[in-house]
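A.B. asks: Residues per chain are reported as follows:
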Amino acid sequence: MSLTVTDLKVYYRTLKGEVKALDGISFSVADNEILGLAGESGCGKTTLGKGLIRMDGRMKHIGGTVELDGETLPIGDDARMNPYRFHKVSLIPQYSMSAMNPTRKIGKMVGELVRSRGVKLDRDELHARLDQVSLPREVLDRYPIELSGGMKQRMVMVISTLLNPSLLIADEITSALDVSTQKAVAKALVGFRDAGFVKSMIFITHDISLTYQIADTIMVMYAGKLAEKAPAHTIVSAPRHPYAQLLINSLPEVGVRYADKRLSGIPGSPPSLLDPPSGCRFRDRCPLAFAKCAEEEPPAVEVEPDHFVACWKA
Amino acid sequence: MLELHDVTKVYKVGAFGGKTMTAVDGVSFDVGTGEVVSLIGESGSGKTTIGRMILGLTSLTSGSITLDGAPVKPGKAYYRSVQGVFQDPFSSYNPVFKADRVLRMIKEQYFPSVPDWDDRVEEALAAVRLNPGQVLDKFPHQLSGGQLQRLLIARALLLEIKLLVADEITSMLDASTRIDVLNLLADLKARGLGVLYITHDLSLGNYLAERTVVLRHGTVVEMGLTEKVFGDPLHPYTRQLLSAVPRLGSPWEEAAPADGCLYHQKGATGRLLAADEGHFVACAGLDDCGGPAA
Amino acid sequence: MTTIDTALPQTPTAVRREALYFALRNGKLLVGLGVILILLGTAVIGPVLLGRAANDYVGLPMQSPSSEYWFGTNTFGQDIFVQFVYGLRTTFEVGALGGGIAAVIGMAVGFIAGYRGGMVDEVLNMLTNIILVIPTLAVLLIINAYLGIRSVGVQALFIGLTSWPWAARAIRAQTFSLRTRDFVDLARLSGMPSRKIILREIAPNMSSYLFMTFILLFGGSILIASSLDFIGLGPTEGVSLGLMLQNAHQWSALHLGLWWWFIPPGAGITAVVGALYVANVGLDEVFNPKLRET
Numbered sequence: 001m002s003l004t005v006t007d008l009k010v011y012y013r014t015l016k017g018e019v020k021a022l023d024g025i026s027f028s029v030a031d032n033e034i035l036g037l038a039g040e041s042g043c044g045k046t047t048l049g050k051g052l053i054r055m056d057g058r059m060k061h062i063g064g065t066v067e068l069d070g071e072t073l074p075i076g077d078d079a080r081m082n083p084y085r086f087h088k089v090s091l092i093p094q095y096s097m098s099a100m101n102p103t104r105k106i107g108k109m110v111g112e113l114v115r116s117r118g119v120k121l122d123r124d125e126l127h128a129r130l131d132q133v134s135l136p137r138e139v140l141d142r143y144p145i146e147l148s149g150g151m152k153q154r155m156v157m158v159i160s161t162l163l164n165p166s167l168l169i170a171d172e173i174t175s176a177l178d179v180s181t182q183k184a185v186a187k188a189l190v191g192f193r194d195a196g197f198v199k200s201m202i203f204i205t206h207d208i209s210l211t212y213q214i215a216d217t218i219m220v221m222y223a224g225k226l227a228e229k230a231p232a233h234t235i236v237s238a239p240r241h242p243y244a245q246l247l248i249n250s251l252p253e254v255g256v257r258y259a260d261k262r263l264s265g266i267p268g269s270p271p272s273l274l275d276p277p278s279g280c281r282f283r284d285r286c287p288l289a290f291a292k293c294a295e296e297e298p299p300a301v302e303v304e305p306d307h308f309v310a311c312w313k314a
Numbered sequence: 315m316l317e318l319h320d321v322t323k324v325y326k327v328g329a330f331g332g333k334t335m336t337a338v339d340g341v342s343f344d345v346g347t348g349e350v351v352s353l354i355g356e357s358g359s360g361k362t363t364i365g366r367m368i369l370g371l372t373s374l375t376s377g378s379i380t381l382d383g384a385p386v387k388p389g390k391a392y393y394r395s396v397q398g399v400f401q402d403p404f405s406s407y408n409p410v411f412k413a414d415r416v417l418r419m420i421k422e423q424y425f426p427s428v429p430d431w432d433d434r435v436e437e438a439l440a441a442v443r444l445n446p447g448q449v450l451d452k453f454p455h456q457l458s459g460g461q462l463q464r465l466l467i468a469r470a471l472l473l474e475i476k477l478l479v480a481d482e483i484t485s486m487l488d489a490s491t492r493i494d495v496l497n498l499l500a501d502l503k504a505r506g507l508g509v510l511y512i513t514h515d516l517s518l519g520n521y522l523a524e525r526t527v528v529l530r531h532g533t534v535v536e537m538g539l540t541e542k543v544f545g546d547p548l549h550p551y552t553r554q555l556l557s558a559v560p561r562l563g564s565p566w567e568e569a570a571p572a573d574g575c576l577y578h579q580k581g582a583t584g585r586l587l588a589a590d591e592g593h594f595v596a597c598a599g600l601d602d603c604g605g606p607a608a
Numbered sequence: 609m610t611t612i613d614t615a616l617p618q619t620p621t622a623v624r625r626e627a628l629y630f631a632l633r634n635g636k637l638l639v640g641l642g643v644i645l646i647l648l649g650t651a652v653i654g655p656v657l658l659g660r661a662a663n664d665y666v667g668l669p670m671q672s673p674s675s676e677y678w679f680g681t682n683t684f685g686q687d688i689f690v691q692f693v694y695g696l697r698t699t700f701e702v703g704a705l706g707g708g709i710a711a712v713i714g715m716a717v718g719f720i721a722g723y724r725g726g727m728v729d730e731v732l733n734m735l736t737n738i739i740l741v742i743p744t745l746a747v748l749l750i751i752n753a754y755l756g757i758r759s760v761g762v763q764a765l766f767i768g769l770t771s772w773p774w775a776a777r778a779i780r781a782q783t784f785s786l787r788t789r790d791f792v793d794l795a796r797l798s799g800m801p802s803r804k805i806i807l808r809e810i811a812p813n814m815s816s817y818l819f820m821t822f823i824l825l826f827g828g829s830i831l832i833a834s835s836l837d838f839i840g841l842g843p844t845e846g847v848s849l850g851l852m853l854q855n856a857h858q859w860s861a862l863h864l865g866l867w868w869w870f871i872p873p874g875a876g877i878t879a880v881v882g883a884l885y886v887a888n889v890g891l892d893e894v895f896n897p898k899l900r901e902t
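From first to last, the protein sequence lines stand for chains A, B and C.
Its first residue numbered 1, the first sequence is counted upward by one per residue in my numbering.
Its first residue numbered 315, the second sequence is counted upward by one per residue in my numbering.
Its first residue numbered 609, the third sequence is counted upward by one per residue in my numbering.
What the hints contain is simulated information worked out from the structure, not anything from laboratory work.
Computed from a predicted structure; not experimentally measured.
Take the hints with a grain of salt, since some may be wrong.
[To be verified] Cross-link-like lysine-lysine pairs, in silico, DSS-like; alpha carbons within 25 Å at most:
#, chain 1, residue 1, chain 2, residue 2
1, B, K503, B, K476
2, A, K16, C, K636
3, B, K390, C, K804
4, B, K390, B, K476
5, B, K503, B, K390
6, C, K636, B, K476
7, B, K452, A, K16
8, C, K636, B, K387
9, C, K804, B, K421
10, A, K120, A, K105
11, A, K261, B, K390
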């Protein structure tokens, strides 16, 4: 087991109170596994990604543990977490387009960055990895502004994985890209895993169709909780959680026409996480909800091997 | 109803406007009454510029855009027939005012003394399935993206428009609310409205539109009935786009190779040729390009 | 969300009432405004209540502050408190008039240049830059000395006509970025004329910014006027805080230990400018609904 997260709780401090963005989530990611993390805005997926590597000032680690390769990560402690970053856990942020220093040539910046982590830059290795994502080596002599969005994204991918981290977190890295670039970037991620540059990966996106293309396992989150986690094809072909079912049914596919098959969304909106309702957090929007859903929170149960569902009706 | 003829937009760029950049290059298509046409393109394809030109927010360099035969003339009369909804719902509302101000603006400009205004508002809100109590008298940041976009559509309905230009209106919405906004656009057809749906997302365009126009670098590469463009894509670029769309249940496959078509070679502007009825494709017309012969 | 909030009456007054609600709970605004109102009240009502002219000789020279002469007397036996009250009045006049003129010109130039862009922008920008590089104080010195016009009004006019450029530039830049926002396009799609769009869509978004600009211009006018007074180019009639400082300096108040002669006018200038600034920070919080929430 590469990554094991147990009952992790991360809250945001606001003036109005604590926003329970991540409220007790448990899952694990195996070696060589790509976990796709899907859900709507505000479901806690970005909080989870950030929580595993760097909490910002407003985030607070309330409880739960994160274990990576048998070691417990001190995620609540910014200073103690530092040695793990980049070496063991690495993140490609949502806006990595702007994550590169615009005044430095890329090659120079990479050198400085790696040195700041106390490692010597292996040029040949760097070149090999540029080849892997089909970037010309000349990009090292250019400034970030001279690269297109897709190239920047791939460059950041190369930089983040240079020290062969055990876990790579990719947060919405393709959402600003065109479809063809998106495909290239997503395929490059899979290539990194296949080449062994990273052991396991969490791929965060709101686009389930995209996750399906590259993830081995998909985890659907709702309102700070796990709704369903299963192998990618199972989630797509036979989802058990009503939220996952409705979400997947609301996706238009190429070939599906309004006139032939009218899709529908999920009525209502997610609950406020300042003061989440008791019981199941999806029950207000759920067509299957019954009395028990309001009284008791459904635990995530393994209904079949590697298939977890948090629903009383599943 | 709406006709674009050879529309071109050239921007001056660089110091003192010394260089030029052609954003839209000789685009012609039309949108009929009660029809949804989707305009599909990646970033930099000129799709948003075309939308803005139809709305009169950007001027044309050459060519013409006409509505029922009359050229676009930005002003009160024109905006009574043509309205737009934009990508970012939060930027579409003035943050210092309440959201329903967009409706009041319509009243002020067009119907200053309509006695049954509140009824009309209620009717328009009902048409976009909004509950007046939930959206009126709220600040934009108190509403969800889906609510804000639907409120903008309601605003357009108050004017009894003929054409709605919807520029990426669902790209910032969550999947579970996105489809409801799309269905709403489709329902507008029943009211006899024409909709130009501008998007980068092929599956959304495909879901909604009768006809599809595929843009690349400011030119139309393929257009026609949606089932033909998507079902039997002829242009290599369309094929490449379609193959890159992630689909549930079927893994990515490689695009069919782009045979020797000149479309990607420099200088090939690509005339639109009729491949079959209601299906046009840009092609240099060479025998070996895989497209229809000239 | 199925809860239906209790609907507030949907009137423009509700919006204003809400702003007032937050204004009354903002400490910075209340403190700043309080200080300004006290000083303004003193300046307006003070001279009436005192019933004396500013430069009357009332008693013994060089008296330290006492119950009879609150701020003491100067070397001529003039009551410094009376002078202070009259000086404060002049100071507010110069600030309001000079700052007001500069603000009006700066806003007009900034809004038009920023919203129109293109040629209009370039011409106005050139004008702004020309005024900006003119050494203002030197010109004021020459004009003042040459024309010998020494009334408060003319002094304020000169200050107003020369101190607007930086405000125009700042407002232009803000307008430039606001003009590309979708809500401005939406206002255009509602058939609103440019003038209305500037006044009702763009300006309210930078209302606190405009207010701050006015405050800085107001304060700047006071400081320039004080400098002119201090070097002996102030109004020949009446008294101002700057003139008091000049007199105190000229008659060696510092060496004679007459601290009550120069502290009050100095503190007065500081208090007016400082209080305006604090009030502005508070206003920003009141007007910006987003700052309120968090």
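A.B. asks: Decide, hint by hint, whether the structure agrees.
C.D. replies: Structure-based check of all given hints:
Between B:K503 and B:K476, the direct Cα distance comes to roughly 10 Å. Compliance with the 25 Å bound is thereby established for this hinted pair. As the CA atoms of A:K16 and C:K636 are separated by approximately 21 Å, the hinted pair is consistent with the 25 Å bound. A hinted pair counts as satisfied when its Cα atoms are at most 25 Å apart, and B:K390 with C:K804 qualifies at roughly 14 Å. The hinted pair formed by B:K390 and B:K476 meets the criterion: a straight-line CA distance of about 14 Å does not exceed 25 Å.
Distance hint between B:K503 and B:K390 is fulfilled; the C-alpha atoms sit about 24 Å from each other, no more than 25 Å. About 51 Å separates the Cα atoms of C:K636 and B:K476, which puts this hinted pair outside 25 Å; it is violated. Distance check on the hinted pair: B:K452 and A:K16 sit about 19 Å apart at the alpha-carbon level, within 25 Å; holds. The suggested pairing of C:K636 with B:K387 is violated, with an alpha-carbon distance near 49 Å, which exceeds 25 Å.
This hinted pair checks out: C:K804 and B:K421 have alpha carbons roughly 15 Å apart, not beyond 25 Å. Annotation: proposed proximity of A:K120 to A:K105 holds, straight-line Cα distance about 18 Å (limit 25 Å). Our distance criterion of 25 Å between C-alpha atoms is broken by A:K261 and B:K390, whose separation comes to about 38 Å.
Checked against the numbered hints above, the structure breaks hints 6, 8, 11 and satisfies the rest.
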